[in-house]
Structure formats: structure tokens, C-alpha cells
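> Residue numbers for the sequence shown follow the working numbering, so the first one is 137 and each next one is one higher.
Don't read these hints as lab results, they were simulated from the structure.
Please note: incorrect hints may appear among the correct ones.
[Stated by the list, open to error] Taking CB as the label site, the calculated pair distances span:
hint	residue 1	residue 2	range
1	139	210	51 to 57 Å
2	193	492	53 to 59 Å
3	480	141	35 to 41 Å
4	293	489	34 to 40 Å
5	366	144	24 to 30 Å
6	138	203	45 to 51 Å
7	458	489	44 to 50 Å
8	440	167	30 to 36 Å
9	339	205	26 to 32 Å
Glycine included, every Cβ here is placed at the ideal spot set by N, Cα and C.
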Amino acid sequence: MLDRAKLFKEITRVSDALFISYTDEYACARAVWQRITTDPSFADNVIAQQWSLPIPAWSGPLDATYDITEASAIYRVIAVDGSQIYPDRHQGTSCYLINVGCIVLNYGATDSYAQVATEPYVFTGDEDAAFLASSTDIVNALREAYEFEAGLARALRERETATDGMALLFDGSLIFWHLESKDASFKTYFINRYVTTLTALHEHHILYAAYVSMPRHREVSNLLRLALCNFDCTKQEAYAAIEHVTDAAVMNFFLQPGQRSTVFAYTGSLRALYPEPTRPHFFYLNTGYEIGRVEIPAWIARNQAACDCIASILLDQARKGHGYPVALAEAHEQAVVKGPDRDFFYQVITKYALQQKKRIEISPKSMKKRSIGI
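Throw the hints in and build the complete structure from the sequences for me.
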């Protein structure tokens with residue numbers, strides 16, 4: 137049990153370190169931003185060679201802004217999210233669960249409605265033997281695969297009756313960061329599974345995007361670091377003055393509510409793993425509540441109308457959700473596995489074990505949590 141009186145003392149002790157002002161860093165970053173956006177040679181210097189800092193590619197003015205038109209009163213949005221119960225050795229079984237939640241919000245002249253659905257998937261744990269990875273990593277990678285596949289399946293169904301704009305939204309990233317350090321077999325299996333779904337979305341011309349709330353990415357802000365070190369990345373001390381500046385902070389310099397940035401291309405090493413039409417691109421969106429990051433595939437990035445459609449739907453959804461896209465929030469609510477759900481999951485497993493006269497060993501620690509007596 138938390139001792140709240142002691143907690144107050146602890147927070148008081150560290151409060152000076154908790155609330156640090158980065159005003160000076162932002163002022164420095166703003167000055168550098170104004171300089172590089174008015175320097176016609178800067179872009180040429182950036183693309184002249186490879187850099188150790190992750191930076192994006194772009195075309196046109198770096199500080200270009202695009203006013204987002206109001207979303208049509210008639211459109212359909214599909215959102216998918218996932219949750220899980222990780223393997224727990226204290227429960228006497230190696231099985232785990234992935235739960236995928238999906239919502240369809242239809243905004244129509246006469247037939248507005250919401251449809252929700254969830255789909256649980258149970259795994260025995262035997263599948264893990266094929267990979268040199270922790271069970272947590274496997275569950276996370278599988279969850280993303282099932283989210284993509286559920287989104288594709290639902291979008292294909294909805295497309296048959298959607299007469300106006302339709303978009304499929306995912307929570308998080310289209311860049312497979314979680315695979316970057318994995319062994320070859322693990323990476324190959326999941327990359328193939330992911331891009332199969334993303335390619336199908338492209339082939340069926342289904343608009344899709346991933347939304348990142350409170351993004352901490354630094355690709356765009358790394359352009360400021362390149363300028364500060366005069367394109368010599370070994371001089372890290374030269375850009376220490378903007379250590380905490382993120383892309384979102386940079387976008388706050390010039391993006392007004394209801395505007396988006398230019399589209400940037402992700403150029404990291406994972407890019408080569410994607411078929412060209414599905415390679416990740418991104419832009420930043422000022423929803424009026426936050427600077428959000430929107431990730432889209434290359435085939436949408438090349439289509440101004442498609443980008444505008446995605447941006448207008450996300451802006452409308454963020455406004456309806458008072459800051460966070462309402463469809464994604466509701467998909468999360470459908471997907472999330474809460475404490476009672478977890479208890480029920482293990483109760484059902486125990487019930488089947490008893491019915492089949494199988495022995496299941498629950499650890500004393502878990503038993504103690506279920507019934508604590510003094």
C-alpha cells in the first residue's frame with residue numbers, strides 16, 4: 137500500500153528536477169529553424185551525403201503549411217487497436233491472449249451509426265519455439281499483425297457500402313521499430329506478414345494512416361542539429377543546446393490549429409524492408425489540442441487529395457474526441473483487457489484443465505494474491 141504522506145515528501149524532494157523549463161532551448165531552436173528555412177542551399181547540403189543522425193527526406197519548402205479543409209459531413213472511419221495478456225508463469229500455463237478491438241463510425245445524412253466488435257485470439261505458447269525472442273516481444277509483434285489484418289478485413293467489408301470518404305486508422309506507428317534489433321527469422325516472418333496486409337490495402341486503394349499522440353520523434357529537429365554542428369555530426373557538443381527539442385516542438389513554431397506540415401519520408405534502415413508503395417512517410421498535424429504525427433504509406437503521400445482526406449478526417453475526429461481521435465479512443469476501449477477480464481481468462485483455463493483432468497500448477501505467489509489472509 138502506498139504511504140501518501142511519504143509520497144508527498146518524495147515528490148517535494150524531486151520537484152525541481154521534474155519541472156524543467158526548456159525556454160532557452162526552444163528559443164535557440166526557433167532561431168536555427170528560421171535560418172535553415174530561408175537558406176536555399178540547406179536542403180542540398182542535407183541530401184549531399186548520409187548522416188549518423190536520423191533525418192527525413194522532403195521536397196519543397198521545409199516550413200510549408202497546408203490548411204485542412206473541414207471534413208465532409210458524410211464519411212466513414214474505421215479504427216483498430218489491440219491489447220493482450222502476456223504469458224504468466226505463475227498461472228501454470230504458457231498460453232497468452234491477444235484481443236483486437238474495432239469500431240466503425242459512419243457519419244451520414246440520415247444513417248449515422250457506430251458498430252463495435254472485438255476478436256480474442258488464444259495461443260498456447262508452443263509457437264514461440266520458432267523464434268529467438270522473448271515471449272513479450274512475440275506477443276507484441278503478433279498483436280500488430282492481427283491489428284493490421286483486422287483492419288484490412290473490416291475495411292474490405294465496409295467499402296462495399298461506403299459511398300463517400302472512408303479511412304482506416306491505427307494507433308501508433310507504421311514504422312516497425314520493434315523489429316529493428318531482432319534476429320533474421322523473427323524479422324523476416326513478421327515483416328512479410330505486415331507488408332502482405334499493407335500491400336493488400338494499397339491494391340484495394342483503401343486509405344489508411346497511423347496516428348501518434350504526443351510524439352517524441354526527432355527526425356525533423358535533427359535538421360537543426362545538423363545546422364548547429366555545421367554538418368559534422370561528431371561535434372555533438374555543438375547541438376547540446378537543443379538536446380530536448382523534438383519534432384513537435386519545432387512544428388509548434390509555425391503550424392497553426394487546423395494546419396498540417398509538408399510530407400516527410402522516413403529514411404531509416406527499416407525503409408528497405410517495405411515494398412516501395414508502402415514505405416512510411418509522415419506529416420505533423422496541429423489539431424488545436426496537440427501536434428500529432430500522422431504516418432502514411434508512399435502511395436498516399438504522393439496523392440495530395442488522399443493526404444487531405446486523411447488529414448481532414450483525423451482533424452474532425454480529434455475535435456470530436458476533445459483532443460484524441462474519437463474512433464481510436466473507442467477502438468482502444470473495445471480492445472483493452474482489464475483486470476476482471478484477465479481473471480476470467482485464467483478461470484476458464486483452469487475450468488478446462490479440471491474438465492480434462494489435467495494438472496495445472498498455480499504458483500503460491502499467485503494463490504496468495506487471490507486470497508490474502510493474516
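> I'd like to know which numbered hints this structure contradicts. Please list them from smallest to largest.
5
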